[in-house]
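Dock chain B against the given chain A, drawing on the hints supplied.
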Amino acid sequence: MDFRFSDEQVMTADVVRALLAEVCTSQDLRRLMTTGSTQDETRWKKLGELGLAGVLVPEERGGLGLAPVDFVQVAEACGYRCLPEPLVDNIGIALPLLAAFADRTGVSPHLERALAGEIAVAVSLPINPYFANADRASVALVVRSDGLHLAALSPEMLTMQPSADPFRRLHTIALAPGSATRIATPEEAADPLRQTLDRGALFTAAQLLGMAQGCVDLAVGYAKERQQFGRPIGSYQAIKHHLATVQVKIEFARPVLYAAAVDLPRDDLHSRARVSQAKLAASEAADLAAQTAIQVHGAMGYSWEVDVHLYLKRIIALTQSWGSPSFHRERVAERIFNAPLGPETTFAREADCA
Amino acid sequence: MNLIYTEEQNAFRQEVRSWLETHVPRQPLPSFDASREGFEAHREWERVLNEGRWGMVTWPERYGGRGLDLIQWLIFEEEYYRAGAPLRVNQNGIFLLGPTLMEYGTHEQKSRFLPKMASGDEIWAQAWSEPQAGSDLAAVRASATREGEEYVLRGHKIWSSRAVFADWAFGLFRTDPGSERHKGLSLIFFPLDAPGVRVQAIPQIDGETGFAEIFLEDVRVPVFNRLGAEGEGWSICMATAGFERGLMLRSPARFQVTARRLVELFKRCEADADPAMRAAVLKAWMDTEAYALSIYHTASRLNVGGKIGAEASTNKIFWSEMDISMHKAALSLLGVRAELSRQASEAEEAGRWLDGYFFSLAGPIYAGSNEIQRNIIAERLLGLPRA
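Taken in sequence, the protein lines are chains A and B. Just so you know, UniProt numbering puts 43 at position 43 of the first sequence, and the rest follows in order with no gaps. Just so you know, UniProt numbering puts 70 at position 70 of the second sequence, and the rest follows in order with no gaps.
Hint data in this document are derived by calculation from the structure and do not stem from the laboratory. Treat the numbers as computed from the prediction; the structure is a model and nothing was measured. Just so you know, even glycine gets a beta-carbon here, dropped at the ideal spot from N, CA and C. There may be inaccurate statements among the hints.
[Claimed, not checked] Examples of chain B residues toward chain A, derived with CB under 10 Å: (1) Met1; (2) Ile202; (3) Arg260; (4) Ala290.
One chain only, chain A, in its complex shape (with noise of 0.2 Å):
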């Protein structure tokens, strides 16, 4: 038992941190903005170049064969400067899916170009059926009645729906069942889907913990500089207490999002709620952080020239996607009504001590 991150972890974590901190700052984004483009390119790059495309993909399969616990940290980080490109989605959770059908026809072409980090994969399930950002990526994971899909993108095949949040392009796409484009059946995907619903309730709810944390932060910056009645207004108890009640929702969000990220390979009833316990978590954490931080920002807070607007989009867009708060408070009723409760059921047992 030790709920510390390996020195690995901790490094991996602070070179995207770094990294982030320097291609991805409020500028950044504003002129991101200004060319109705979402996407970055030297910054796409720049991101490919650390070399973790295949971070959760086997090493058989080409990649580094590591775990969800490697990576959360990153997603965190992603979340925290409110990135617009689709890192997360596109390794965290749809390269793992395609690696898990590498053997089948036509697909492992694909994987090892996205693992060479030329192109990426959009992925989505039937809970929630909007693409994020599918106009850049070459293919895409589709699932539908007859099975799981991996269908090469085309323009026509896409129908855009505009996001609020102007870095997330969300498409519907036209794909029919059929066996052109199909690599497995339902029976087949079901696993492999289950898993990856897991890995974007994870990987969704570090980005909600992350820009939680942002919010906090840009509020902390403006309560430190704002002057009212000729103090600095984060000097009243009235804005400290708003903060550190956000604080302490986030510090408590954090453990279960880091303990789901240990429990998720174990797939299982307790895994599945602690997945969901994150989400939820982390998703109350970002809804109130983007609130205050809007509170805190008095008249400035409501306007663009601000970025909470940026993340309070984000954060309302995720926090609905990977499952709904609902969905993910039934996973959880899953685990309490039908297992032992308890201090000692806290964690998983190799063999119970009992």
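For chain B alone, kept in the frame of chain A given last:
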């Protein structure tokens, strides 16, 4: 990161479980805050624990402990609450003063005070707050005047938990008469039966006398009873408070057991329950799990030499607010039975939930009010400017 107990930890859990199964009193003990009889019954239980060397597993062996780490302490606590063992009457001593004594005490002080603390022969109360020094603890006015090898204590302490029946108190006194605020304070021990000490019980919301006022009129104690250097009292108290709020005062198991009772209550009342209560029950379980995970996270860090920081304050806010929510949910589920006292023939579990609710309302106040904790988080964790 590895979240599986080791073989050794599983074996330890089993050892604790077996011992508790044969030693925990079959009948719940009467409250230690309501009568001398209940207090003495709990003291007796402390003796039993100490004889099995289960009183304080993290303490070194020479003071009656087992020298175990914080993860093992958490496992012990989980089994302790699972077994429904009595509340710890000497928690002010063993959880708060004990660790502080080990850090700041001289060898002679440790030998004098720790073994009797561990055995329950000396049960401790905390004497920090004063009528004019509550949240503003640095406004302490009670004085300790040096006369040779003695201090003469004068002043008025209040809200001292357990002081009605306890044997000793550790108090914050001004040793430098010209000093102000945090400077010039010292931590000094005094026996509650010393000449010049008068203890006045204060009835609580629940009718019990869990806390008291202490009046000190020319109470003489040896200089030996001062912990740390003269004038160091504030920083020592803050170290104690950090440990209190941060970890030992409320181990997660206590709340996880409450959450389990709440789920059981919900299952019994589900048919008549407001649909909103289902979400409240799920949230209660999730919050107690989050608290447990967070404490394991902290314990893992402290085990390798980390120090407790502002998480002392985030923890205290989290558990105190969670405890209130759980008890409120239970009262909602109980409906019209919520108001029944334990004595009512139809009360069943209702009286216990109501008492628990009353006690939960004290949570955001004692050990430093949650308002003060939020200030600490804002200033030390977030870096906002002081007022």
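Checked hints:
1. Met1: This hint holds: B/Met1 lies near chain A, its Cβ roughly 5 Å from the closest one there, short of 10 Å.
2. Ile202: Because about 28 Å separates B/Ile202 from the closest Cβ in chain A, which is outside the 10 Å limit, the hint is violated.
3. Arg260: Result: holds, 4 Å to nearest chain A Cβ.
4. Ala290: It holds, given that the least Cβ distance between B/Ala290 and chain A is near 5 Å, below 10 Å.
This entry does not satisfy hint 2, going by the numbered hints stated previously; all others are met.
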